[in-house]
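**Q** Sequence:
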Amino acid sequence: MDKTDYARNESIDKLKGVACLGVVFIHIPFPGMIGSIVSYVCAYAVPVFYMIAGYYAYNKNENVIRRRLVKICKIAMFSFALFFLYYFGMACYINRIWEWINSIFNFETIVKLIVFCSVDFAIPLWYLIAQIETYLFWYFVVKYKKEQIMVRIMPLLFIIQVIITTICETIGASWYLKINFITRSLSWFVLGYYINSVSEKKIQYIKNRIFSNNCCLWNYIGDSTCCFTFTPKNFLRRIYPVFSSNVYFFDKRMENQERWDIQGYR
Numbered sequence: 001m002d003k004t005d006y007a008r009n010e011s012i013d014k015l016k017g018v019a020c021l022g023v024v025f026i027h028i029p030f031p032g033m034i035g036s037i038v039s040y041v042c043a044y045a046v047p048v049f050y051m052i053a054g055y056y057a058y059n060k061n062e063n064v065i066r067r068r069l070v071k072i073c074k075i076a077m078f079s080f081a082l083f084f085l086y087y088f089g090m091a092c093y094i095n096r097i098w099e100w101i102n103s104i105f106n107f108e109t110i111v112k113l114i115v116f117c118s119v120d121f122a123i124p125l126w127y128l129i130a131q132i133e134t135y136l137f138w139y140f141v142v143k144y145k146k147e148q149i150m151v152r153i154m155p156l157l158f159i160i161q162v163i164i165t166t167i168c169e170t171i172g173a174s175w176y177l178k179i180n181f182i183t184r185s186l187s188w189f190v191l192g193y194y195i196n197s198v199s200e201k202k203i204q205y206i207k208n209r210i211f212s213n214n215c216c217l218w219n220y221i222g223d224s225t226c227c228f229t230f231t232p233k234n235f236l237r238r239i240y241p242v243f244s245s246n247v248y249f250f251d252k253r254m255e256n257q258e259r260w261d262i263q264g265y266r
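Going letter by letter, the sequence shown gives residues 1 to 266 in this note's numbering.
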């Protein structure tokens, strides 16, 4: 490895590349059962990015967290500007400017943005909103030295995610009602933080081959249930397969790697 590349963790780069492919495929509307299978198989992608962010938040002070928060905010502002200009141009083209503006600037829009990390004209950017809220929250966690408290309540965050997802999918609620930074972002962020913080001895159970193979097996079992119709879409079908496979693949990328800091997270 060249000296100029010492700060990069190539395993993390490869993991991000695989996750990027997952994000692409999950947004392609494949028909029928194939589309359902692809959707479930690629569900790991977004949580991986949150786990990576949490992994590199370990042992970082509030100044580093603030710098990363500012960086994400700049990316979000640029992305939202592109979406806004596109849809503003479309509204001008069909001569419905004020109607469109009134539809996006109201109380409901504010609630969706803050609580559900969603903006109607830029739905794919929910990830950035959740990331911003996560870093903003984590800034105060680090400032007041509450990291270990967050690690302790991490299982509760996943339990809440299971409950919210099960209820929403059972009653057929809008997708955005399942999205909030506490369960969709912060939970995975803290999991990544935890994986970096524990000692090799404590994490040995994750590296156990039986556990790892079990994770993959559960992932395929969970994905296979999309071939049938079950209501509610429960823990076995969606949450545990995603959780277990993410821990497995994330840990495999870390195996035999030094805990380097990568340039993108400085």
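Bear in mind the hints are in silico, worked out from the structure with no lab data behind them.
Any given hint could turn out to be false.
Unchecked claim - Label-pair restraints from in silico Cβ distances: (1) Ile159 to Val23: 21 to 29 angstroms; (2) Phe25 to Ile159: 27 to 35 angstroms; (3) Ile104 to Asn63: 30 to 38 angstroms; (4) Lys145 to Ile123: 32 to 40 angstroms; (5) Trp98 to Asn61: 27 to 35 angstroms; (6) Val111 to Phe25: 25 to 33 angstroms; (7) Ile34 to Phe80: 14 to 22 angstroms; (8) Phe84 to Pro155: 23 to 31 angstroms.
Claimed, not checked - BS3-like, lysine-lysine: derived pairs with alpha carbons at most 30 angstroms apart: (9) Lys74 to Lys14; (10) Lys71 to Lys145; (11) Lys178 to Lys71; (12) Lys74 to Lys112; (13) Lys60 to Lys71; (14) Lys71 to Lys16; (15) Lys143 to Lys112; (16) Lys74 to Lys145; (17) Lys60 to Lys74; (18) Lys74 to Lys143; (19) Lys74 to Lys178; (20) Lys74 to Lys16; (21) Lys112 to Lys14; (22) Lys146 to Lys71; (23) Lys146 to Lys16; (24) Lys16 to Lys60; (25) Lys143 to Lys71; (26) Lys145 to Lys60; (27) Lys146 to Lys60; (28) Lys60 to Lys14; (29) Lys16 to Lys178; (30) Lys146 to Lys112; (31) Lys60 to Lys143; (32) Lys112 to Lys178; (33) Lys112 to Lys71.
None of the values given here were measured: they were computed from a predicted structure.
Note that the Cβ used here is the ideal one computed from N, Cα and C, for glycine as well.
**Q** Enumerate the violated hints, using their earlier numbering and listing them in ascending order.
**A** Of the numbered hints given earlier, those the structure breaks are 5, 7, 8 and 21, listed in rising order.
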